[in-house]
Structure formats: C-alpha cells, structure tokens
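Asker: Next come the chains, spelled out residue by residue.
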Amino acid sequence: MNIANLAPLAVVLPFLGAALAFLLIRHSRSQRAVSITTLCVTLMIEIFLLLDASGKGTTAVFIGNWAAPFGITMVVDQFSALMLVVSSAVSLAVLIYATGQGMTDGDEDGPISIFHPTYLILVAGVSNAFLAGDLFNLYVGFEILLTASYVLMTLGGTTPRIRAGVTYVVVSVVSSVLFLISIGMIYAATGTINMADLALKLADLDPATQMILHLMLLVAFGIKAAVFPLSFWLPDSYPTAPAPVTAVFAGLLTKVGVYAMVRTETLLFPGDRINTLLMIVAMLTMIVGILGALAQSDIKRMLSFTLVSHIGYMVFGLAISTVIGLGAAVYYVAHHIIVQTSLFLVTGLIERRGGTANMDRLGGLAKISPFLALLFFIPGMNLAGIPPFSGFLGKLGLLQAGVELGTPLAYVLVGAGVLTSLITLLAIARVWNRAFWRRPEDATHPDPILMATSTDGSAVTTSRRVAGHSTGKFAGRSAVSLLPKTMVGATTGLVLLGVSLTVLGGPLFELSDQAAQQMLDRSPYIDAVLGEGATEAAGVSP
Amino acid sequence: MSVNVTLLVIMGALFAAGIYLLLERSLTRVLLGLIMLANGANMLLLAGGGAAGRAPLYSSGIAPEDYSDPLPQALILTSIVISFAVTAFMLGIIYRSWILGRQDEVQDDIEDRRVASQSSFDAEDDAEIPIETTEFTPIEEAEEAPGNQRAGIGSRASNPRTEER
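In order, the protein sequence lines correspond to chains P and U.
When we follow numbering that gives the first Met the number 0, the leftmost residue of the first sequence carries the number 0, and every step to the right adds one.
When we follow numbering that gives the first Met the number 0, the leftmost residue of the second sequence carries the number 0, and every step to the right adds one.
A portion of the hints provided could be inaccurate.
Distance condition first, Cα-Cα at most 25 angstroms in a straight line; then the derived SDA-like pairs of lysine to any residue [as the list claims (entries may be wrong)]:
no.	chain 1	residue 1	chain 2	residue 2
1	P	Lys200	U	Asp68
2	P	Lys200	U	Asp103
3	P	Lys484	P	Leu495
4	P	Lys366	P	Glu350
5	P	Lys55	P	Arg521
6	P	Lys200	U	Gln72
7	P	Lys484	P	Cys39
8	P	Lys200	U	Asp107
9	P	Lys200	P	Gly56
10	P	Lys200	U	Leu70
11	P	Lys200	U	Leu90
12	P	Lys200	U	Pro69
13	P	Lys200	U	Ser67
No wet-lab data here; the hints were simulated from the structure.
For reference, chain U alone in the conformation it holds in the complex (with noise of 0.2 angstroms):
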C-alpha cells in the first residue's frame, strides 16, 4: 500500500495544533481545537482507505483494486456531519456562557474547589465526645417532659439533653 505524505502531515499538523489548542483556556480556542481534532481524525481515516481510484461505480472491466476504497468516505461523511452538530452546539454553549458571565474562559468547580480547601476534622464524626444528634429522647427523659416542645433553632446542638428537661 502506497502512503500519501501529504495527508499524513496534515494531518499531524491538525492534532498537534488541535492538542495546543485543547490545553487553552478560552473556549473559543477549545472548541477551534476540537474541530482540528475532529478533522486530523477525518485525515487519518482518508489515509486509511489506501491509495486513490476510480469512484467506485462498477464497470465491468475493471479490476477490482483500481477503485477507490468507498467506506472510509461513508465513515467520514458520518463523522463531518456529527462535528458539525457538536460544534454548532457547542458554540451555542459558549455564547450562553458569554450572556450569563462575560466570559470566554473554562470556570472553576466551586464546590470542587470549597470541598478541597476544608479540613478533614469533622464535627460532627470526629469530635471525641460526640454530639448527641437523635431524636429520640430515652423513655424516663420523655416522662419526664411531656409534649417534648421544640425548643429555637441552633440552641440544641450545643447540649441537647439538659435543655429537653
């Protein structure tokens, strides 16, 4: 099988400025580096389909080998059609995230970053005497204060039991 140089480097060419362009920041760029990508991809599939031919109409003939590989072309249609749709999404995404915080840059995970930031201690499990949290009072306590009346937020936390008496 004969290799076509030509579209090897190209293709090269597309996902090496694709990847640089992935690592960026801005989506705008993310996404021109999702579309070189996607066609890098197209190129590598072209290739794979072997030298070119004839367009693949039989005529007899012909030998088989001096058609043009038809599939690869199919696949490709496939995958152009399914970037385009992906792209114009995503450059909706993009403009919605421009509305919302005028900004064009890839934003933080607050929670991610809240969640990383806190101590491991605990309150509530790793206190050494742990705090009382259950609702049910023992019997002789519930005699005792009959209704059981809810007392102000927050106050129970501190010692729930000697406040239900």
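In isolation and in its complexed conformation, chain P is listed as follows (with noise of 0.2 angstroms):
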C-alpha cells in the first residue's frame, strides 16, 4: 500500500475530531481526551508521510479517483510533509499547554469549551492548506483556518478582542477576496486551476498578463505572510488574544502565507523576473519588523513585531531562490514555527507568573523562577540566531546563499540579515534585563501578583500559588497555581524541540535541500500529479 494515500486522513481526522468534540462540549474532560488523542494520531501519520516522502519524493493524491487537471489533488512532497510534521507538532505542544490553562483556571464550562472544536478545524485547515494541488483547494484551507481564527482570536468577547478582531477579520476577508479575484482571473486566462497543471500552462501566456497573475497572488498571500507593507495588521491583533491562541497563530498562520508563496515563486512563476521585487521587500520586512520590536515594552507586542521582521528571512531565502538559498528557507521556516511559538507560551507563562506581560511591571523573575529564565533563554538565543541553535544554522544558510549570488543587492540583504538578528538579540536581552535580571521592586510598577510572592521573604522561590489576592489578575480566586505542571511541561517539550533542530541539524538540512531543489526543478511536482512525461510533452524546460 503507499502510505502517502493517507495523505487526507491529516484534514479528516482533525474535522471528525472537532465533530466529536462539538458532541462533547458539556463534558470537557472527555472533550480534552478526544482532541489530544486526535492531534496525536494526525501527528503520526504525518511523520509517516514525512518519511516516506523523504524517500520517494512527490506523491500525489487523488480524491474520488478523478484524474488531476479535473478533481481534487493532494500533493505531498518533502516541503509540505516537513511543514505538516512540524506545524501538528507545535499544535499538539500548544493543545496541552492550552488544556492545562483550562484545567489549573477550572474553566469548565463557559465558552471555552468551544475552544477545543474551534482549535482541530483550525489544525484541518493548516493541513488542507499545505497539501492543496489545486489553488481553489488551498483557498478553501485558507479560508477553514481563517474561520476557525476569527473565532479563536474574539474567544470570549471582551472589548481589546473585539477591537483586534474587527481588524483582524476585515483584513483577512479583504486577502481572501483578492485571492478568490487571482484565482478568478487565473481560471479566465488558462482554464484550469490545477497547480501542476497551471504550471505547464501559465509560460504561454502573454508575459504582462503573467506579471499581473502572479502581483496580484503574492498580494494576496503577502498580507496573509504579513510581509512588510502588508504587516500592519499583525501586531495589532495577535497580542490580544489568549496566549495559546497567539502562540499556534504566530507560528502557522504567517507560514501557511510563506508556504503558498514559496509555491507561487517556484511552481506556478519560476524565473527570476520578482527577485529583485521580492529582495527589496524582504530586506524592509526584516528592518522595520525589527526596529519596531525595539519600541515596544509589551513583551507579547514586541515578539509579533519579531516575527513579522523574521518572516523577512523566509522571503529572503526564497528571492534568492536557488537550491542553497531555498533549502535555508524551508529550514528557517520550520526553525521559526517552533521558536516563536515556544516564545509566546513562555511569555504566557511570565505572565501567569508576573502578573502581566508588560515589560515595565516586570522583575526579578530570574530568581523567583530560574527555570522559566531558562524557557524564555533557550528559545530567545535560539531566535537571535546565537551559535549553536538552529536560528544560526538558518540564518548561516541564508547568508551563505546571498553572498554566493553575489550581486551587489544580495550583499545589501546579507548586511541587512546580520543586522536584524543582532536588534534581534538586543530586543531579547532587553525583555531579559527587565524581566528577568533586576529587582522586582525597579520595575517602574511592579504587578502585585509579582510583588505579593516575592517581597514576603521566604516566599521567595516556593510561591508557586496565590490565594485571593485583592487586587492583579487572580483577584477573588481561591488558590491558584502560577506555573502548572502541564503547561510548563508543554513549553518544556516545544523549547527541546527546538534544540533538537540543531543536533538534527545534517539530516534536517539534507531533507530541506532535497525539497528545494524537487521544488526548483519542477518536474517531479508536475509529473506526480499529471503522469509521467507530462513535463517532457509539454516542452517546458524546468
């Protein structure tokens, strides 16, 4: 049997997963059991995937047994099955961190329940979205995943969700309509949406009308990627919302945006006529991305401005677009996904500690908590790009890929690359410094669940509970547990996994060149889903 034919089961499993949980929704307990188990035997499969596509390269899949220009095509190849392996990784870490929240707050019922459903349809529609061989189908990803993070993103309705929601969701409606206008268009021009097919088909256009294609895509997909004079939105709407609800968007929302445009620029518009474009854009993401992360004293504010500037590095890798350049972006794609999600469930953490997220009310934590120093350590380094984490090995490859191009704009980004990791490390040891390393009592106002468990002596380190404090967060509460046991174990399991990037940093490294170049290449993709020899009979050179 080929296993890459259990390539649907990662969307359906997820749905029938959240119908099971929906089934569920008065009983929690149950409802959590259903969700994890799914995410687990979904996380499984895909590491099947992953290995059998290492092996074997592209497989496509045909839903119904239609052949490919005509019914629905799934295709898996090294890029897509390393992002599905990843991207359910970091949603399982981010479930369990979420449901011990749930648990420690005793959010039994309320509207929390329908998280658990809400979150699997999101997973459904990331998987959907990477595995998409046609552009209506990667549409209809978008838009499950979109749906489902309205809902997350307003989760409990308070005023700031509102507001960032409202943003939030007249943004990414606007994205998909222009997405569903390209796809009306591109549908106008060659009568097909098929990728592979489209591939073949789109280099006998008239050259303008390929240039307007293909604008009117990368717009699209610019907004959703959050590339910069599309990022405003960003890190507007992502602080507000709960911390594991920011922690899996940070992470896989932006790179399903980066995902379908390393698609666009390598299947369906090969050729460099962009580059130039798509250099000047990455080099603008990374700087003001980063300079806009110095200003802030929100910890949660100033890691999605991170984030956008480090989406910078993708789009990088991917104007550089040749074997070397790509495969450290397919690399730093999968590096950023855990990272900066571990990033944001640590500072959901500082903030479940300290009271607050807020950079000024901060202090001390370093002592009171030395472990979740180390959780915020490891992953911030990692993020700056120091030596032995896999940020550097990243970037490394990134840099390497530019200065082999050569050409005078490619020094410009290697120059603008190193720069935007050292803000990057400046932003971090910031955040440490005040957060972490002074005194809680310098902090300009120190939060009261921080100052309540750190002035009172001998408190000092076993503090891990507050009983009803008049004031902070927790106010009214009976005892509550600052760092549960399943949510630091949750954030624990991410931080490892992304060191472990580093020790399979050969082998990983291997697997995302091997993508980059079937990707460059063209032919296998086109191939699986057309049949042998399509690419030859068409007579498009690669």
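Assemble the dimeric complex from its two separately framed chains, guided by the hints.
Answerer: Next comes the structure, spelled out in structure tokens:
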C-alpha cells in the first residue's frame, strides 16, 4: 500500500475530532481526551508521510479517483510533509498547554468549551492548505483556518479582543477576496486551477498578463504572511488573544502564507523576474519589523514584531531562489514555527507568574523562577541566532546563499540579515534585563502578583500558588497554581524540540535541500500530478 | 470568447462601491463593503467561465462547447457559503462591539498610540550613568549586610548601593 494515500487523513481526522468534540461540549474531560488523541494520531500519520516523502519524493493523491486536472488533488512532497509534521507537533504542544491552563483555572464550562473543536478545525485548515494541489482547494484551506482563527481571536468577546478582532477579520477577508479574484483571473486566462496544470499553461501566456496574475497572488499571500508593507495588521491583533491562541497563530498562520508564496514562486511562476522586488521587500520586512520590536514595552507585542521581521528571512531565501537559499528558507520556516511558538508560550507563563506581560511591571523572574528564565533564554537565543542553535544554522545558510549569489543587492540583504539578527538579540536582551535580571522592586509599576510572592521573605522560590489577592488578575479567586506542571511541561517539550533542530541539523538540512531541489526542478511535482512525462510532453524547461 | 459586458459593468460597480464602503469608519458600512467585494469577485468568476450555454448534463449529440462551464459555478457556490459564514460572524462581532462600547466604529489601538507618543529616551537604557539594577551585590557588600534584607518598594531605584549598607 502507498503510505501517501493516507494524506487526506491529515485533514479528515481533525475534522472528525472537531465534530466529536462539539458533541462532547458539556463533558470537558472527554473533550480534552478526544482532541489530544486526534492530534497525536494525526501527528503520527504525518510522520509516516514525511518518512515516506523523504525517500520517494513527490506523490499525488487523487480524491475520489478523479484524474488530475479535473478532480481535487492533494500533493505530498518533502516541503509539505515537513510543514505538516512541524505544524502538528507545535499544535499538539499548544493544545496540551491550553488544556493545562483551562484545567488549572477551572474553566470547566463557559465559552471555553468551544476552544477544542475550533482549534481542531484550525489544524484541519492548516493541513489542507499544505496539502492542496489546486488553487481553489488552497483557498478553501485558507478560509477554514481563517474562520477558525476569527473565533479563537475573539474568544470570550472582551473589549480589546473585539477591537483587535474587527481589524483582523476585515484584513483577512480583504486578502481572501484578493486571492479569489486572482483565482478568477487565472481561471479565465488558462481554464484550469490545478497547480501542476497551471505550471505548464501559465508559461504560454503573454508576459504582461503573467505578471499581473503573479503580483495579484503575491499581494494576497503577502497580507497573510505579513510581509512588510502588508504587515500592519499583525502586531495590532495577535497580542490581544489568549496566550496559547497567539502562540499557535504566530507559529502557523503566517507560515501558511509563506508556504503559499513559495509554491507560487517555484511552481507557478518560476524565473527571476520579480526577485529584485522580493529582495527589497525582504530587507524592509526584516529592518522595519525589528525596529518596531525595539519600541515595545509589552513582551507579546515585541514578539509580534520579531515575527514580522523574521518573515523577512524566509522571503530572503525565496528571493535568492538557489537550492541553498530555498533550502535554508525551508529549514528557517520549520525553525521559526517552533521557536516563535515556544516564545509566545513562555510569555504566557511569564504573564501568569508575573501577573503581566508588560516589561515595565516585571522584574526578578530569574530569581523567582530560574526554570522559567531558562525556558525563555533558550528560544530567545535561538531566535537571535546564537551559534549552537538552529536559528544560527538557518541564518548561516541564508547568508551563504546571499554571498554566493554575489550581486550588490544580495550583499545589502546579507548585511540587513546580520543587522536584524543583532537587533533581535538586543530586543531579547531588553526583555531579559527587565523581566528576569533586575529586582522586582525596580520595575516602574511592579505588578501585585509579582510583588506578593517575592517580597515576603521565604516565599521567593516556593510561591507557586497565589491565594485570593485583593488586586491583580486573580483577584477574588481561591488558590491558583501560577505555573501548572502541564503548561510548563508543554513549553519545555517545545523548547526541547527547538533545540533538537540543531541536533538533527544535518538530516534536516539534507531534507530541506532535497525539497528545494525538487521545487526548483518542478518536473517531480508536475509529473506526480499529471502522470510521468507530462513535463517533457508540454515541452517546458524547468 | 464573447464577453458579457453587463456582468463586467456590475462587477466594476460592486468593486468600486465595496472599496469605498470599506474605507469608512463605521463597522456596518465596512461589512457592507466586504459583502459587495465578495459578490464582485463572484461576478468575476462567472464572467471568467465564458458564455452561457446549456446545463452541463451530458446528452449525446451536443458539441462540448455548447455546454456552460460548471466549474466557475461550483467555485461561486463555495465562495458564497464562505462569505455568508464570515458575514454572519462579522455581524456577531459588530453587535458585540455595540453592546460593549455603544459605538459602531473602528477603534484605535491604545497601546500603539501610547508607543507612538512616547519619547525615544529610555531611562534604563539611555541614561548617561546607567541605573544599577542587578540583584547580585558584590561579595564584600553582601558580607557587610548579612541577611541582605529587602527594603521598601521603589526607594532602591534612586541609589541601590548605599541603601544596602
């Protein structure tokens, strides 16, 4: 049996899990069990897919056995399989974290019971987008994940979340409409929406028409991926959502946009016509994003800006579009999903332990909770690209590719990449100095939860619980565990996964280079979908 | 391929009105704008499908080009369902926003305004003599002050070292 035929399960299983979780909406314990089991099984299937794809290359699955340009096709290659595995692993960690949070805070009933089904639908949408073999299925995948994300973003319906949710929904809908318009235009021009078929047919079009279609798609995906001039919405909307939701959004949603951009650039519109534009955009994304991060005093907002900035690295790799550059970009996407998510999860823990994520109100966390400090330090250094970590390996690959290309603009881009890496370190160091290193009393307005457990002598390290304080977030509550084991455990797991990217750096780089090679070659993808020899028959050079 | 001018004119009008409404500050108008944009996109899909023809049910003896193209209609159907769901959700948010704030307008991001208005000078990072905020006192100082009792809030920021003694 062909293992790749299991690919649709990556979409179907989370949907089934979501349906079951909806039915169990009154039984939160079984709901949790269902959603965690679903994600575990999905992850296992996807690991099999990845192992299969890394040996065999690209495979296409025809839903309902309809032949390629007519039916719905799902395509598993190294890139999509790698993305599937990383995204499911990250979603599983975040789900366990969120479950821990829900259990500790006693949100047994209330609107939170909608969280599990919606979350599974989000995962299904992400998987569908990664597997989609035609543009419209990609659109549907985007819509599934976006609609789920609207619900998660406005969970609880508080004033700040509604305010941020409105902006987020409007921006996302506009980008989706742009995507739909480009699909309509592409269909009108070529008569197909199957990506492999398009790869052959788009080349016959007039170059000006091609450019219009190309740019339309890039703008639509650029909004979703938060590439610089189109990134304005992200730092505004992400930080207001609950910590686990922000974490999974930061990790996955923008990367789906990047994934779609990579497919557009490599499969649909190969060639270097707009590489200069992409390079400039990548540079601006990196620099403007990271300068924004320096100005923030809220850790979540700071991280949202670093998220925007590091999308620039992926566009950088894509713009260079050599095997090394694209391979490094693939590796960087995997690295960034894991690291950015773990940083947001740690920030959620900081917020619980210190009562706030505002740097002006935090202090002394390194002494109060050394383990929390370690959990922040490792992904922080990883994001900044300090040598043993995967962030360094990814950036090294990108810089190598840039130097190898050797054009003046590529050198400028290499410089911008190094500078961004340095400023990222500075931004992380600012958080470290304020939230972890200084004394709690030195904070401008120390948070009551932080102070309550740090100044009364002996309670400094043992105070894991806060009992009914008169002020602060947990006012009027019975004893609350500030750092529940489940949440810390999930975060630790994800941080370790980030470290393991270094340990597995060799095989992973091999895999991502293979993926890049196949994507740049194009014929494996086209042949897998349309049958052997389709590329030669159409007479298209890769 | 013949072009249906009516469809294109309607599409253009929908896009123009939709973008105009989208730029309004009232949420209800923004929603109306989004609906118009989505419908304009549907029109575009329909126009892209080519001239209308027979219903795409196979019967022998009819040339393939006499049928109308079923794919754009399937796409439009999907996109109508999606925009319907999103519209319903937007209405929910707008209603919630009205309940919470009694206003139907796009709100400013307060934190963003605050960051934008603050000066670039940061007392901790940019002061000429940086304020010492470390938790760890040099060894001789720690010996002089056994127990190293914590003092009150805030007073330390001015001169941490002298107070320790």
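Asker: If a hint holds in the structure, say so; if it doesn't, say that too.
Answerer: Going through the hints against the structure:
no.: 1; hint: P:Lys200 / U:Asp68; verdict: holds (19 angstroms)
no.: 2; hint: P:Lys200 / U:Asp103; verdict: violated (47 angstroms)
no.: 3; hint: P:Lys484 / P:Leu495; verdict: holds (16 angstroms)
no.: 4; hint: P:Lys366 / P:Glu350; verdict: holds (16 angstroms)
no.: 5; hint: P:Lys55 / P:Arg521; verdict: holds (15 angstroms)
no.: 6; hint: P:Lys200 / U:Gln72; verdict: holds (22 angstroms)
no.: 7; hint: P:Lys484 / P:Cys39; verdict: holds (20 angstroms)
no.: 8; hint: P:Lys200 / U:Asp107; verdict: violated (46 angstroms)
no.: 9; hint: P:Lys200 / P:Gly56; verdict: holds (23 angstroms)
no.: 10; hint: P:Lys200 / U:Leu70; verdict: holds (18 angstroms)
no.: 11; hint: P:Lys200 / U:Leu90; verdict: violated (41 angstroms)
no.: 12; hint: P:Lys200 / U:Pro69; verdict: holds (20 angstroms)
no.: 13; hint: P:Lys200 / U:Ser67; verdict: holds (22 angstroms)
Violated hints for the displayed structure, listed by number in ascending order: 2, 8 and 11.
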